[in-house]
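Asker: The lines below spell out each chain.
Number of protein chains: 2
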Amino acid sequence: MNALDTPPECSGRVDRCLECPIRDRAVCTYCDESELSALEALKSYRRFAPGQEIVAADEEMSFLGSVVDGVVSLSKTMADGRRQMVGLMFPSDFVGRPLRPVAPYDATAVTGVTLCLFTRHRFERLLRETPALEKRLLEMALDELDAARDWMLLLGRKTAREKIATFMVILARRTASSRKMRPGDGLRFQLPLTREAIADYLGLTIETVSRQITVLRKDGLLVFEDARHCVVPDYVALLDAAGEDSDGGVIA
Amino acid sequence: MNALDTPPECSGRVDRCLECPIRDRAVCTYCDESELSALEALKSYRRFAPGQEIVAADEEMSFLGSVVDGVVSLSKTMADGRRQMVGLMFPSDFVGRPLRPVAPYDATAVTGVTLCLFTRHRFERLLRETPALEKRLLEMALDELDAARDWMLLLGRKTAREKIATFMVILARRTASSRKMRPGDGLRFQLPLTREAIADYLGLTIETVSRQITVLRKDGLLVFEDARHCVVPDYVALLDAAGEDSDGGVIA
DNA sequence: CGTTTGCATTGACGCAAATCAACCTTTCGC
DNA sequence: GCGAAAGGTTGATTTGCGTCAATGCAAACG
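Protein chains in written order, with the numbering used here: chain R, 255 to 506; chain X, 255 to 506.
One thing to keep in mind: the hints can contain errors.
As the list makes no split between identical chains, a pair holds if one copy fits it or if it spans any two.
[What the hints assert, rightly or not] Taking lysine to aspartate or glutamate pairs in the DMTMM-like style, the calculated list, with each CA pair at most 20 angstroms apart, reads: (1) Lys472 / Glu314; (2) Lys472 / Asp400; (3) Lys389 / Asp494; (4) Lys434 / Asp397; (5) Lys472 / Glu416; (6) Lys389 / Asp269; (7) Lys434 / Glu383; (8) Lys389 / Glu313; (9) Lys389 / Glu378; (10) Lys434 / Glu294; (11) Lys434 / Asp312; (12) Lys389 / Asp278; (13) Lys434 / Asp334; (14) Lys389 / Asp499; (15) Lys434 / Asp278; (16) Lys389 / Glu479; (17) Lys389 / Glu289; (18) Lys434 / Glu416; (19) Lys472 / Asp323; (20) Lys472 / Asp494.
Derived from the structure by calculation, the hints contain no laboratory data.
The structure displayed is predicted, hence computed values, not measured ones.
Just need the whole structure built from these sequences, with the hints factored in.
Answerer: In structure tokens, the structure reads:
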């Protein structure tokens, strides 16, 4: 029995999909108005508090859907407690494993989170009947796969300093793209994750995260207003510290 | 200009898709006979020698298709030469990035490889017209994503010994499943990769790979007939050394 | 108001894996 | 059959990051 098996609540609700803030990027992007009204009839909203578990690994998942608001982490835990984050989902990302009854990872609300949900059963039927949905889901899965592969390079080969710099670049890019702009000098963004979550993301310990953030701060690559708000004075220098060739300029 | 831009050769050719060895698992699995004959009209075969580059990162890819025979690695390289493998493709796996003109990684033939290819242009049109193809591609992308996430746990949190043990488990599983059986005690398999490739796969150096293989051998978890052929005397013990809870018994 | 609790920082120390280096074995071209 | 090259093993040494431990700091609480 997980949180998603309890009846959905109705907070953060957007009745009309056309007015939905993630309409242009979520799984429903390619749906026309009639398809959208089919979705409207079946969707429900659910709100999660920071730290709340959304689903546990290997548990049957009865709901899946889109992140409307907030940040969700996907993570795997070994028998002895070692943990690795394997996904970080922002608004418009799709949470849940379509076509399989169980998700092979824990999903946890990092911040307060609103999800737009469908029962797995209904969603899979919609998927069969709605090519627009399937096409978008394929696109999203392939994009996630690309991101996972960048992440593998980070985990396998980057130094702690490069890992932190890369993480900051990712947040900067995310923040910029959600404002439909390019990342650049002076960009200010929030760190939605605790040091522990950052460590789980990067395959480090909290102590190393803390130390390397200090290093980047002392090197002038990051300026902190407080522990959770950060400014990038020189974006290209940060990219360089991240070990990236250059920014392809993806607004994705 | 990459290898795939040269005209395809005709070796390893299987004229009739119905007789294809990967028919039951490849991207064309759900296609009916008429769809299959559309594929037959457009496909071509190409053979690659061990070590040969198939495509280079960020190059325009004019072909994509299925691995019919052999093993293909996908890898990313940093500016200073550090390299991380991000995918390892066996027969029936699909090589290439659908819906994007460039692949963000190098693809290299590890062993001798036969690919069943389509021009990207034609394949993307087929994809639009053939829901059976799209459905299977989505399934395969989601499965790859699951595999990538297991791999992230390995790269971020496992020790060198656990990494080697996990790698051997993966090969054992692959070998067993290609023979449509469960992995078990006494299973014998080949290592298709050099120590260097294994190191790139696991985020280690060749020396550490060599040492840890020796450790597992001395611990009795692996028995080597020669450097490239290995027997697993006790499968559960190997799983345990890999830090896996237990084997779900997936024949996928 | 002081205490607790959660989160973050900093320091000292140890260890696992990288690095540097030598050497062995097999394969391959000539 | 010889020399070179590629792949693999083993040893000595270094080092980056983890571990253990102490301290700071702010919000939450009785």
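Asker: The structure should be examined with respect to each hint, and the outcome stated for every one.
Answerer: Hints versus structure:
Within a single copy, Lys472 and Glu314 get their C-alpha atoms no closer than 47 angstroms, and across copies no closer than 41 angstroms, so neither meets the 20 angstroms cut-off. Neither within a single protomer nor between protomers do Lys472 and Asp400 lie at most 20 angstroms apart by alpha-carbon distance, with minima of 32 angstroms and 38 angstroms respectively. Taking identical chains as interchangeable, the C-alpha atoms of Lys389 and Asp494 are never at most 20 angstroms apart, the minima being 35 angstroms within one chain and 40 angstroms between chains. Proximity of Lys434 and Asp397 under a CA criterion of 20 angstroms is satisfied intra-copy only: 18 angstroms inside one chain copy versus 31 angstroms between copies.
Only within a single protomer do Lys472 and Glu416 lie at most 20 angstroms apart by alpha-carbon distance; the minimum there is 15 angstroms, versus 36 angstroms between protomers. Taking the shortest Cα distances, Lys389 and Asp269 never come within 20 angstroms of each other, neither inside one copy (24 angstroms) nor across copies (30 angstroms). Neither within a single protomer nor between protomers do Lys434 and Glu383 lie at most 20 angstroms apart by alpha-carbon distance, with minima of 32 angstroms and 33 angstroms respectively. Taking CA atoms no more than 20 angstroms apart as the test, Lys389 paired with Glu313 passes in neither setting, with 27 angstroms inside one copy and 25 angstroms between copies.
Proximity of Lys389 and Glu378 under a CA criterion of 20 angstroms is satisfied in both settings, with 14 angstroms inside one chain copy and 12 angstroms between copies. For the homomeric pair Lys434 and Glu294, neither the shortest alpha-carbon distance inside one copy (27 angstroms) nor that between copies (44 angstroms) is at most 20 angstroms. In this assembly of identical chains, Lys434 and Asp312 lie within 20 angstroms of each other by CA distance neither inside one copy nor across copies; the values are 37 angstroms within and 24 angstroms between. For a Cα distance limit of 20 angstroms, the shortest separation of Lys389 from Asp278 inside one copy, 14 angstroms, qualifies, whereas the shortest one across copies, 23 angstroms, does not.
In the homo-oligomer, the alpha carbons of Lys434 and Asp334 never lie at most 20 angstroms apart, since the shortest distance is 42 angstroms inside one protomer and 32 angstroms across protomers. Taking the shortest alpha-carbon separations for Lys389 and Asp499, neither the intra-copy value of 31 angstroms nor the inter-copy value of 35 angstroms comes in at or below 20 angstroms. For the homomeric pair Lys434 and Asp278, the shortest alpha-carbon distance inside one copy (12 angstroms) is at most 20 angstroms, but the shortest distance between copies (44 angstroms) is not. Taking the shortest Cα distances, Lys389 and Glu479 never come within 20 angstroms of each other, neither inside one copy (42 angstroms) nor across copies (48 angstroms).
Proximity of Lys389 to Glu289 under the C-alpha cut-off of 20 angstroms is found in both arrangements, the shortest distances being 14 angstroms within a copy and 19 angstroms between copies. Taking the shortest Cα distances, Lys434 and Glu416 never come within 20 angstroms of each other, neither inside one copy (26 angstroms) nor across copies (43 angstroms). Proximity of Lys472 to Asp323 under the C-alpha cut-off of 20 angstroms is found in neither arrangement, the shortest distances being 33 angstroms within a copy and 53 angstroms between copies. Within a single copy, Lys472 and Asp494 get their C-alpha atoms as close as 16 angstroms, which meets the 20 angstroms cut-off; across copies the closest is 43 angstroms, which misses it.
Of the numbered hints listed earlier, those contradicted by the structure are 1, 2, 3, 6, 7, 8, 10, 11, 13, 14, 16, 18 and 19.
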